[in-house]
Every structure is written in C-alpha cells, then in structure tokens.
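Protein chains: 2
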Amino acid sequence: MVSIKDLAKHLDISIGTVSRALNDKPDVNKQTREKVLQAADNLGYVANQSGRSLRQGTTNAIGFLIESGADTEGNSDNFFMGVIDGLQSELSKHKLDLLVLPCSTDENPENYVKRMVARQLVDGMIISATHTIDKRIDFLSKSKLPFVALGQSETGKNHPWIDLDFEGVARVSIDRFVKNGHRRIAIALSANELNLGSIFLKSYKDSLKRHNIEFSPELVLQANSNDKGGYAIADELLNLNDRPTAILLVHELMAHGLYRRLAEDGLVVGRDLAVIGFRNSAQARMFSPSLTSFKLSLRDLGIALAASLLSTMPAYQKHYSGKMLSQIWPMEIVDGESDAEKIPKNLT
Amino acid sequence: MVSIKDLAKHLDISIGTVSRALNDKPDVNKQTREKVLQAADNLGYVANQSGRSLRQGTTNAIGFLIESGADTEGNSDNFFMGVIDGLQSELSKHKLDLLVLPCSTDENPENYVKRMVARQLVDGMIISATHTIDKRIDFLSKSKLPFVALGQSETGKNHPWIDLDFEGVARVSIDRFVKNGHRRIAIALSANELNLGSIFLKSYKDSLKRHNIEFSPELVLQANSNDKGGYAIADELLNLNDRPTAILLVHELMAHGLYRRLAEDGLVVGRDLAVIGFRNSAQARMFSPSLTSFKLSLRDLGIALAASLLSTMPAYQKHYSGKMLSQIWPMEIVDGESDAEKIPKNLT
DNA sequence: CTGAAAGCGCTTACAG
DNA sequence: CTGAAAGCGCTTACAG
Chain U
1 MVSIKDLAKH LDISIGTVSR ALNDKPDVNK QTREKVLQAA DNLGYVANQS GRSLRQGTTN
61 AIGFLIESGA DTEGNSDNFF MGVIDGLQSE LSKHKLDLLV LPCSTDENPE NYVKRMVARQ
121 LVDGMIISAT HTIDKRIDFL SKSKLPFVAL GQSETGKNHP WIDLDFEGVA RVSIDRFVKN
181 GHRRIAIALS ANELNLGSIF LKSYKDSLKR HNIEFSPELV LQANSNDKGG YAIADELLNL
241 NDRPTAILLV HELMAHGLYR RLAEDGLVVG RDLAVIGFRN SAQARMFSPS LTSFKLSLRD
301 LGIALAASLL STMPAYQKHY SGKMLSQIWP MEIVDGESDA EKIPKNLT
Chain G
349 MVSIKDLAKH LDISIGTVSR ALNDKPDVNK QTREKVLQAA DNLGYVANQS GRSLRQGTTN
409 AIGFLIESGA DTEGNSDNFF MGVIDGLQSE LSKHKLDLLV LPCSTDENPE NYVKRMVARQ
469 LVDGMIISAT HTIDKRIDFL SKSKLPFVAL GQSETGKNHP WIDLDFEGVA RVSIDRFVKN
529 GHRRIAIALS ANELNLGSIF LKSYKDSLKR HNIEFSPELV LQANSNDKGG YAIADELLNL
589 NDRPTAILLV HELMAHGLYR RLAEDGLVVG RDLAVIGFRN SAQARMFSPS LTSFKLSLRD
649 LGIALAASLL STMPAYQKHY SGKMLSQIWP MEIVDGESDA EKIPKNLT
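So the protein lines, in turn, are chains U and G.
Every letter in the first sequence is one number past the one before it in our numbering, and letter 270, counting from 1, is 270.
Every letter in the second sequence is one number past the one before it in our numbering, and letter 347, counting from 1, is 695.
Just to be clear, a hint being listed does not mean it is correct.
[Claimed, not checked] Reference excerpt, derived from the structure (chain G facing chain U, CB under 8 Å, subset only): (1) N390; (2) L391; (3) L446; (4) L447; (5) L615; (6) V616; (7) L649.
[As the list claims (entries may be wrong)] Sample of chain G residues lacking proximity to chain U, with all beta carbon distances greater than 12 Å (derived): (8) S367; (9) G392; (10) N426; (11) G434; (12) Q468; (13) K492; (14) R531; (15) A539; (16) R558; (17) D590; (18) M661.
In short, the hints are calculated from the structure, not lab data.
We put the beta carbon where it would ideally sit given N, CA and C, even for glycine.
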C-alpha cells in the first residue's frame, strides 16, 4: 500500500505539499498540484483513513444502524435497501461513505451503539427501530455524536427524527373501514417494544372515538410481524365470540398468515373480512386479493434522513436549511381488494 | 471522548502499561490489570480504532460488499439479512465487527472496491454478486487483502469462494420435470452478467442432453429477477408457437409476475404449466399454488463464508482447518404444488 | 508557494 | 513488572 511518504519521495517534494495538493487546499502551485494528482493516480494512492481520522478527528463515513438476525428475515430487510440507496445518493454529494452497521440479535443494542461510537469509525449515525424508551438515544445525545433516528421515541426529544406516518395510516384506515359500514374493527400490533406500536394503537383508539365506537381491548391482537404472527392473529380473531368485520395490520407481512388461516376456514379476505395492511411493499403487492396498503418512496426517505443528519453537522450544515429536522413521513393509500366490499358478510 | 492518556493519568501509570493491561498481554501485575480494567469501565474508555489501526495495520473489522439500489428492492435483499446474521455470529468469536458496505447502483463496483480497500477500514472482505468476468477479484487479489466471494467467477480461480448449488438446482429440477413427463422445458434467466446465470444455463443444457431432449434457444427467456421480469417471461412464453409445458426460474420472485400473467389468461400454475422456482424464500412461501423451490440455511452460509475468509487470514487461521476454502452450497428441494401434476394439459 | 515539525491515539520493542 | 520512546499515516499551523 503506497503512503503519502512514498508519493512525496517519488515526486521529490514534502509530504505537506502532497497533502495540500490532494486536499484542494489553496496556495499550491498549479503545476505542482497537477503533478501530485497525476502521480497519485498512477501509483494508486488513496489516503489511509486511519491516519486521516486520527489527525482530523473525522472519518468521512456515516453509520446506519440496523438490526440483523433471523427474526428479520423477510421482514424489515427489503425496507432498508431502498432507504440505503437514498442515503448514499445524498451522502455521496459530500464524499461521505455509508457503513451499514448490523446489530446482531445476540447483542444488546445499547452495547452495540456504544462500541460503534467508541470505535470512532463514523462521523454521524442513523439509528432505526426506535423503542418507546430507547437508551441508545440517551447515549448518543451524551456522546455528542450527530445522529438522526428513523422512528420516534419518548426518549430525548431534542434530536432529529423522521418517522413514517403511523398515525395517519391508522386514521385513514379506520375512517375508511367506518365509511364502508364497519363498526367492529380489530388491530394487529407487533409483539415488541417499538415505539411505532404505541403510536399506531393511539391513533386507532382516537379514530374509534371520533366515530363513537367503543374501544374493545379484545380487538387488540399482538403477534410477530410476519407470516406466523398473522396466522396466530387470524386464529385468535376467529375464536372471538363477537368477531370483528375488519382488521388493520401494523405490518403487511402479517397478511400472509392471515389470508392463509382464513382460507383454511373457507373465508375470503375482502368478502368475509376487510383487511388493510401497512406498507405497499414488493411482498404486499403479491397478495391476492390485493392488499389495501400505503406506499412511500424509500429512496426519498433515505435522502431526507441524510439531509436531516447532515444539517446537524457543523461541517455540512451550510448546505441545508436546517428547517426540517424532524418530520412525519407521509404515506399514500393504494386501493386494493382486501377491503373492497362495503358491508362484508359476517364471519360464520 | 476519553483517551488512553486520560486513563493513564487518572491511574497515575504509563500509557504502555494501560495498553498492555487492556490487551491481555502477559507480564502485567494482576492488581494493576484489575485497576485498569475497572477504571476503563468506569470512564467508559474504549480504544480509538484509528489509533489502533494506524499502529497495528489492522482494523478488527470485516467488510461485506453488497449491491444496494432500487433494482434490488424486494429482490436479493432479504437474502442478505440471513447471511449477515451468520457472518456476525462467526466473526464475533474473534471480536471482529462486520461492516456492510453497500455499493450504490450509481457507482462502478470496481471503483467502489478500490475505494474501500484504500480506505483501509477492513481487514478482509466478502464480496457478493460475482460476475463471470469480475474485475473486483483481480483487484483484490493484487491488493493482498484477504477476501472470499459469495458466488463463482471465471476470474482469478485462486481465491476462496462459496456458491449456491445452481448446477444442482437446475439438474434436479429438469430431472423432476422429465420424470413427470415434460419434454418441452423452458428456463428463465436474469438479464445481467452474474456468473450464476451461465452455470444455471449450462446445467440446464447438460440435463436436457442427458435426457435426449434437444436444446431450443427459444426456450431460454431472459428478464429481470422480479415481478415484472416474470410477467414479461410469461408473456413471451404464451406467444411461442410450440409452448413449453414446464419452466425453471433462476429467481423465485419471477414467479409472481408469471403467476399473474398466466391467471390473466385463465391458466393455472401446476395444472397448465409446471413451474419450479429457485430459493424457498419468505416471499416464495407466499405463492399459491405453492412454489416448488429449494431451501438452504442462510445463517449457516454466513458462518461458512466467515470461516472461509478467516482461514485465509494469518491471524485467525489457527482456528480453522483451512480445508474447505471453496465449496458449493447444497440446497434441498421443497415440494410445492407448482409442478405437481404429472402431465399438464397443454396451454391453450 | 513550500518545507519542517508537531501531534492525533494507539501498540510494542527496548531498557531497566 | 513498568516506563519512556518510537512510529504507524496523515493534516495543519508556522516559518520562510
């Protein structure tokens, strides 16, 4: 690996001049700069990041913290690829690289964040899967490392965040159900402590109240955000004495198990039970009858996250207005057949 | 951020001793070590990675190169989460962190690799999505950075790699089709230069020959590995004069569009056209009629990739036999309904 | 416009 | 068992 010393020796100038030429500093002779750039290219020189980081205290990299692990398979993962694409497109404008940091399910997320911060391999972080009480946020706030959260949290309200519009999705869905004649509406939540669950539930309750529908705790079902969870939920739902005629899912993948369980009893989604899923993901688009759900641009979301983060970092904030630090990300309903019929037959 | 200097000053000993204590070096007084560990914990000290890297020439991190971008959404992405989980579980045994390095679709993959290598932020790399001719492999071989490829390539045969058993999948599928009475069998390939395509096609051809079936170029269909691609392929297939009765897909997501296009003509998968997909992914499991496909443990694949990489790295190879540098990863067929009927009706 | 030098935070021979 | 010092590869005031 060729170092700045090698390059300087090869050109017979000092490493200081080489460095200045390479980093576009003023006060470098044009011809000298040309020669340096040329030689760097020839010898394949690229500055060692460790040396640079140590000196500057900056890494030119941004970390994106995600949760990996078996649970996630087929779940939130394809969500991230789109977001990553958007993040990169914004970060690359500033020559920042994106490092995706997967926190294994074996590891405590707070410890993982601590380790990643201590390693000092990124200048800023994007965290995801925020919990209602999220120790990572406390830690990051204390550590002074710039960060933005994908997802809201009750913890530390002074940081930038962007969250999908769970409130709006629940509101629009319930309104739609009610408009189609439903009065007994269930909600399926994730069996975890992610903050989005409480927002979703609150909006559900508020919407019911608006329509003068009494809230029934038995209509709040909880399971994993996947096929199995959906199956379990359908099972539970079918065993209720007074069955709901509609259900709102916090995650579209639940629809799979739900469709399947209903089919086992010869029940048809849309006719016998109205269903609205969450995100109109690639997988959601595969359902038949098609699932009513909500779409968003993952790429734009990634761009917004990057912009939000950069606008808090002194070195970059000049490029950003800094006005939109936190925001609710809108989602647009996509009509499907899963809640098509206005007055569904009762489940029999 | 507390440095080793701070810690040493706080304990009133030299930084050398602190470093030795922290790094489990011999010849440190037991009590001294205790005190250092205690103080490090109290002050939240973790060694700065840049300082350590600069001195040691090692980063204690492994990079996993994947391709991000819009194309990938809902495609190969959920494949990676499982692999990442396995990688981490093996790497964490050696206190190595995993950095996922997403190469944006905007960027030339070779340039990206060069940049990541030059940055010197990882001690080894896992690359994926290998092309038949893959310049990244040449570059990595030259750069002396240890790496392992997920996928075979014609380029540089002396590196370790692990590849899914595309050959076996195609062979088993064709044998199965033939056993069920099919003679006119199509194959759907990806419209890219990934090496897996040529392996898949070769195995398809070889299998046909084994059964004395003549190869028809018109039965080799190409499209993107997604819903749309599958739709296009079905469309093309329906327009053939002498339609095939069976089709083998290189990617299971193609099945979605294929199912959809067939349904438009009132045709039923399994009855009117036998279909075998590729991986029995979470998404593949959602098809109805269920898709015959092949399963594998992504986690175990990740573990094997990590082991393969580490066994080439001097610092870690003592833990590995080094016998299984390269391997074909077996996949097991999962019976579905998509190729159930022995003699399908002809497409009408 | 350029060079010499300091110093970022570590680890590791080398003395003692 | 411990300390003092060198040096990894950079960038950046400071002189000239």
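Here is how each hint holds up against the structure:
1. N390: Status violated, d = 14 Å.
2. L391: violated (11 Å)
3. L446: holds (6 Å)
4. L447: holds (5 Å)
5. L615: Status violated, d = 15 Å.
6. V616: violated (13 Å)
7. L649: Cβ of L649/G sits 12 Å from chain U, so the hint is violated.
8. S367: The claim stands: S367/G keeps its Cβ more than 12 Å from every Cβ of chain U (closest is about 15 Å).
9. G392: At roughly 8 Å from the nearest Cβ of chain U, G392/G sits no farther out than 12 Å, so the non-interface label is violated.
10. N426: violated (5 Å)
11. G434: violated (9 Å)
12. Q468: violated (5 Å)
13. K492: Since the minimum Cβ distance to chain U is about 9 Å, K492/G lies within 12 Å and the statement is violated.
14. R531: Since the minimum Cβ distance to chain U is about 31 Å, R531/G lies beyond 12 Å and the statement holds.
15. A539: holds (18 Å)
16. R558: holds (35 Å)
17. D590: holds (30 Å)
18. M661: Per Cβ check, M661/G is outside 12 Å of chain U; nearest 16 Å; holds.
In summary, the numbered hints that this structure violates are 1, 2, 5, 6, 7, 9, 10, 11, 12 and 13.
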